[in-house]
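Position one of the sequence shown corresponds to residue 36 (the numbering used here), numbered consecutively onward.
Where hints are given, some of them may not hold.
[Claimed, not checked] DSBU-like cross-link-like pairs, simulated, lysine-lysine; straight-line CA separation at most 30 Å:
1) Lys-137 - Lys-61
2) Lys-117 - Lys-61
3) Lys-106 - Lys-61
4) Lys-117 - Lys-75
5) Lys-106 - Lys-117
6) Lys-117 - Lys-138
7) Lys-106 - Lys-137
8) Lys-75 - Lys-138
9) Lys-75 - Lys-61
10) Lys-106 - Lys-75
Hints are computed from structural coordinates only; laboratory data are not their basis.
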Amino acid sequence: MRDNYYRTGEGFMCVYSIIMQDSFDKLENFFEQILRVTDKDRVPFMLIGNKLDLEDERQVDPMRGQELSAKYDCPFMETSAKTNTNVEDAFLTLVRAVMSTKKETGGTSSSSKGEKKSSGGKKCVLS
C-alpha cells in the first residue's frame, strides 16, 4: 500500500529523530524504495532531523544528515515540532522543490504514463 503513495507522490519529506540513531539508519531504505517505485529521473526530497529541542540527548550528528542530503541531492534541515523551530521553513522548502521540478518537467503530472490520475483530495503520508 505504501508503494501506491510513493508512486503518486510529488514530494517526500523524510524525517528522522536526532535522538534515535535507528531512525536515521533506516532512512536510506526509504529513499531507495521511493526512487525505485516512482521511476522518475528527479524526485523532490526534503531530509529532516527532528526533535532539535532535545539537543542534549542527540545521537545523530548533523554532519550525517548533511552527508545523506548531499548523496540524494536534497535539502537538509533540523526542526523541532515541539517548539515549531524550522517547521514551516521545511514545508516551504519542499513545496518550492516540487514546484521547481514541475517547471523543469513542463508541469507534467506525477502519475506514470498510462496511469489514471487520482480524482481524490491531497494526501500526506507519514511513516
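Cross-check of the supplied hints:
Proposed proximity of Lys-137 and Lys-61 is supported: the alpha carbons are some 28 Å apart, at most 30 Å. Straight-line distance between C-alpha atoms of Lys-117 and Lys-61 comes to about 23 Å, which keeps the hinted pair within the 30 Å bound. For the proposed pair Lys-106 and Lys-61, the alpha carbon gap of about 15 Å is at most 30 Å, so the pair holds. Among the hinted pairs, Lys-117 with Lys-75 is inconsistent with the structure: their alpha-carbon atoms are about 34 Å apart, more than 30 Å.
The straight-line distance between the Cα atoms of Lys-106 and Lys-117 is roughly 28 Å, inside the 30 Å bound, and the hint therefore holds. Taking the CA atoms of Lys-117 and Lys-138, the gap is near 34 Å; set against the 30 Å cutoff, the hint is violated. Taking the CA atoms of Lys-106 and Lys-137, the gap is about 22 Å. The hint holds against a cut of 30 Å. A C-alpha spacing of about 15 Å is found between Lys-75 and Lys-138, which places the hinted pair at or below 30 Å, so the restraint holds.
In summary, the hint linking Lys-75 to Lys-61 is supported, as the alpha carbons are separated by about 22 Å, within the 30 Å threshold. Only pairs whose Cα atoms come within 30 Å are accepted, and Lys-106 paired with Lys-75 is accepted, the gap being roughly 17 Å.
Hint check: violations occur at hints 4, 6; the rest are consistent with the structure.
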